[in-house]
Structures are given as structure tokens and as C-alpha cells.
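Quick mapping for you: the protein sequence lines, in order, are chains D and B. Residue numbers 1187 to 1524, in the numbering used here, belong to the letters of the first sequence in order. Residue numbers 1187 to 1524, in the numbering used here, belong to the letters of the second sequence in order.
Since the hints were made in silico from the structure, they are not lab data. One or more of the hints may lead you astray.
Coverage of chain D stretches by chain B, computed from C-beta distances (three or more under 8 angstroms per stretch; other residues unrestricted) [as the list claims (entries may be wrong)]: (1) 1281-1291; (2) 1445-1456; (3) 1459-1468.
From chain B, some residues computed to sit far from chain D (all C-beta separations above 10 angstroms) [stated by the list, open to error]: (4) A1257; (5) G1393; (6) E1452; (7) I1455; (8) D1456.
Every residue gets a Cβ at the ideal spot worked out from N, C-alpha and C, and that includes glycine.
There are 2 protein chains.
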Amino acid sequence: MKGTVLHGPRDVRFEAVEVPSILKPTDAIIRVAATCVCGSDLWPYRGHWPTPEPVRMGHEYCGTVVEVGDAVTKVKPGQFVIGSFFSSDMTCPICLSGYPSSCVDREQVGAAQAGMMRVPLADGTLVATPGTPPAAMIPDLLTLSDVMGTGWFAAEAAEVAPGKTVVVVGDGAVGLLAVLSAKLKDAGRIIVMSRHEPRQNLARAFGATDVVEERGDAAVARVKEMTGGLGADSVLECVGTQEAMMQAIRSCRRGGHVSFVGVPHEVKIDGQELFFSHVHLHGGPAPVRRYLPELIDRVWNGEIHPGKVFDLELPIEDVAEGYRAMDERRAIKVLLRP
Amino acid sequence: MKGTVLHGPRDVRFEAVEVPSILKPTDAIIRVAATCVCGSDLWPYRGHWPTPEPVRMGHEYCGTVVEVGDAVTKVKPGQFVIGSFFSSDMTCPICLSGYPSSCVDREQVGAAQAGMMRVPLADGTLVATPGTPPAAMIPDLLTLSDVMGTGWFAAEAAEVAPGKTVVVVGDGAVGLLAVLSAKLKDAGRIIVMSRHEPRQNLARAFGATDVVEERGDAAVARVKEMTGGLGADSVLECVGTQEAMMQAIRSCRRGGHVSFVGVPHEVKIDGQELFFSHVHLHGGPAPVRRYLPELIDRVWNGEIHPGKVFDLELPIEDVAEGYRAMDERRAIKVLLRP
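Excised from the complex, chain D in its bound form (with noise of 0.2 angstroms):
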């Protein structure tokens, strides 16, 4: 079998790897039906995180089920299943609390970047489709695995709501879901920061009612003018550097919320800023799971298609490819099919 592995800077090589095989009596293996590269892939990718040694790469997947540790109940070989990059229990306090992705039993899911996978926790992590989807539904549904469900918990971190006017700063995969996100939340005016024209032309078929090409001070400024000299009552940082998170606080008004999902990449926020920016402030690896059984729900019923964001399809032995097209913003997000 082979998997994707990246050495070191910019080498991804789709190679030799072991076959996947149960650990522990609650994992489950999968075959793979489609994976995809993420922005959090590039980190490692362009070397901003070191690779000491090589690593199996991705954690966006769906696919059937082929095998089932004794301790698995609910999850049954072949079920087509969607699971999130953090295994969860689903039964502990942090998990009924809403936040899976930080489950006290969590381990990272990976090396999903190929045929066939593991993942730990099966009944807590996956969730089953209504049955087997049509391929057409595949890339709406691999979505869900992470980019939707993140781009959902930043709309859900800074509470939009009906009515409301949202900031999305970040015009790759989640800003553009999150843009979807707070439509389908019924926001009044979704604002979205991009000066990429085609990922302009995306927001707007998903929802967003304004566009600003300014960056820094000069977008911050854009949006106070929009909003009455106020600010956005929700503000969506979906990009993870200084800049983006602090023209994220800077473009909310007074009492309103700030989320931010993307891993932030050498950011400090100053505390007296933020004390006198007045804002709520909410974060953190998106609690993907939870979404899961509704949003399959709104993919199953055709209500949305997030899976437009993937405007590049290679088969997974071109991943290195895949990786120098978003790496080059070439593409916004690629799937590849094992």
C-alpha cells in the first residue's frame, strides 16, 4: 500500500507505507473514498513547523468501513462514515459539553492521505451516512470531515445570528465555508475580505453581500464605514497570522464576538487592546464532530454544497502536485481520490 509522506520542506512523496491495521479493540479501519489537502498541511509543507523526521500526512477523509475492533458496537463494516481530525469518546465531560475536539481520550487522526486508515475511537469519532452516497456527494460530504465544520464553528464561536452583520477575514476553504455558514444562519450582511477574484466570485455564490480588497488598517477602516462607524457584530478569523487576527478584533464593534478557528501561527494579542476592544473572544480546533449528524443531514438533502470549494481533483498519487498548487494558490483546496 502507499501513503503520503512528507521529508522535510516541500517533499511529499506518495510511497511505501504499512498497511492500517487495528491497535486497539476501538478502532476501525476505512477505506478511503476521498481525502483532501488542508491550509494546516501547508505549515509543515512550506516548513514554518519542523519535520524532524518523516510524517504521514492528512486528516480529511470519509469512506467505508472494512474492519472493527471488539470494543466497536456501533460502527459497522461496510457503513460509509465521516469522522473529525481528533478522535472523541463522546461520552466524557468535555465531549457533552460540545467540545469533542478537545475529548480527555482524543488523539490526533492521521495519514489519512491514502488508500486505507485507522481511526481510534470509532463510535465516539464517525458518523454514518443514511446509506451509501451517490459519487456526485462525495466532495460535499469529505467537507464535513473538517473545512465545513470548521468554517460552521466560526460562525457558531461569534454567535451570528439572524439579522446580523459578520466580518469573514480569510478567503480560503473556511472563509468560504464560513461565509456558507453565516448565510445559512440567516446573517443580514456577510462581508467577506479577499482579493482573489475568483474566491470573490465563491463567497458571493455562497452568500457574501460585500467584498473588501483593503488589508490591515485600511480593511479595518473599510468595514467601520459600512457598519456606521461601529464595527461588524460578529467577526470571523479564519486565516491564523498577527494580521489577520488583528484586523479580525479591530473590525468588531464594542461587546461583539471575535472567533477564530485557523491554528494561529506566531500570534500575541495584546491584553489591554483587547480588554478596551470590548469584544468576546472564542477559539480552537473546531469541535467538528458535533456538527456532523446535522450537517450530513443538509449535504443528504441537497441544501448545500460546500464541496464547490474544491477546484482541483487529482488522483491521490499526484498529491505532491496538490500540494505545490495550494502552496502556489493555484488552487483553493484539492481532493484526491485514492
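We have chain D already, so just place chain B on it with the hints.
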């Protein structure tokens, strides 16, 4: 007339100042019944905030209206009133959304450590008591001008609710009244971080169930031990230092709520740590004005006695001794009578 003036580090004088007068038609002039020294007054007093020129001090006050400007229609001479440290119009969108301390028309209210003072935007800023209060009630009412309202905001911003486990970081007057506020909101368990016996005793009198004397990582470890390894539901940071902020974030369970209500002094929050802590973070200048009607009611009915935080009372002429007593932590909070 005399008032309190800070000339430089640890140089507070009660000296001749101008008699306040109506500067804008929305102003009121108050004869101050009682005022006090705030923890935040100690920042400039200690020289941590620069004082390039002499500055009038004091922002906590209650007293009797003696004069109002032409545009003031609700507040009347003769009324006993309490106001916040920021003026507010109570009509702008930020006030209407519950954040009068970030009112778009706000001014800092100052020069309260004196016999008379000017209050801007009097109709919005001031709330009258149902009648002239008995002398014994004045300390309780005075706390509503800042310190009790700030403790109350700490509890609200950290979403304290019946049965929750709460940690209060800080045993200053705000921390102690945050304990009282958590008790009034029916918290199940209230853990106060304090190593000063008189403050521990007052905290217990206000409703604290547990005291943690450790600091830093050891304090966090104690809280984890007391909460099944998870951390507290709500953590109220009432200090404003880096150590207190990190102690608060690390003492909170994932998905829990951290509030911070003391002006942060050289605090930097690491984005990645905040991300993986998964907490909600909210703070800022307490919207004290929002709480005045409810809290006046509770004091008027004799339900609460937040004035217990005053453990030293001085004639205002001795204000310099009041600052010294708080600086040296000989007093929790000093009440000054003009």
C-alpha cells in the same frame, strides 16, 4: 475647594483646585457623599503609568445633585445618585447592546476624590436611588460605582450560572466582590486564589467555598485536582497581570469561560495557547451603568453588603494615607469622606 491631585510617583496631594462647573448642557454637578481609591489608581501612583503633568484623581462616587445643565431632563437637583467611571448616553447602539462603558459618546469621569465633581451626560450616566439613603448604606452604594459592578461583570462575562464551578483569581476588592457576585448567581463552588488571611475570611463571608494559596502552575494544578482534572467552568481574572491571565486561562476547562476585568498591564496572550485552551475570553471596562438599577435594588433591600470591602475609612484630607495603605496592602479598599 480642595481635590486630590497626583503629581508623580507616590506623590498624592489634597490641594486647592477649581470648583467644577457646568461645561456642557448635558452635565451635572454633584456634592460627593463618599469616594474611594481604586486598584487602578495604583498604576499611576506607583509610576507604572506615566504622569507627565499633575492629574486629578478618582472615578468612584455617589452623592447629591446640586446643579444640572439645560439639556438634563431626568436627573434633578436634590437626588442622590450613583454613576459609572465612563459617562454614557444610553441611546447609542453600543449602550443599547449592553456596553455603556464603550458608549460612542463616552468621556472618562474623573476628579471624584473631592467634595464636588462634574459628571458628563448626566441623564445617561447617573441613576438615582429611591430616596435619600441612610448613612450606613453609603459604602454599599458607593461600590456600585465601580468595584461591585466590575465584580458583577466578571461573573457575567464568565457566564457564571447555577451549580457551576468558579475560580476567582485575585483577592483585591474586585476579586472579593466577584466572589459575592458568583454567589448571587448561585455558583455551586467558588474557589478564590488568595494568600492573605483577612481577605480569605472576607471571601468566605461573601460565599467562597475553597481557598487556593498556591500561585502560577501550582495554583493551576490545585484547581485541576479539585475539578477531576478538567478545570473550572468559569474563571474570573481580577488582577490584570500576565501571571494572573495565564493562571486564569490554564485553570479553565476546555470550552469554559474566562473573564478579565482589571486593566491588563503588559499582558500578551499567546494565540496558539489560547486556541488549544478552547476557552471563551471576554473582558473590558465593566458596563457598570447597565447593572446600577438591579444592584441599587439589592443594596436598598438589604440583600447585599458589598461595602464590607472597605476596611479603612478616612477623611478625604488624608487621601495620601489612603493611597499608602492600599499600596502597602495594609488596606483592601479605602473609603474617603469629603
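Hint by hint, here is what the structure shows:
1. 1281-1291: Result for this restraint: holds, n = 6.
2. 1445-1456: holds (count 9)
3. 1459-1468: holds (count 9)
4. A1257: holds, 23 angstroms
5. G1393: holds, 24 angstroms
6. E1452: Check fails; 8 angstroms does not lie beyond 10 angstroms.
7. I1455: violated, 4 angstroms
8. D1456: violated, 6 angstroms
Checked against the numbered hints given earlier, this structure breaks hints 6, 7 and 8; the rest are met.
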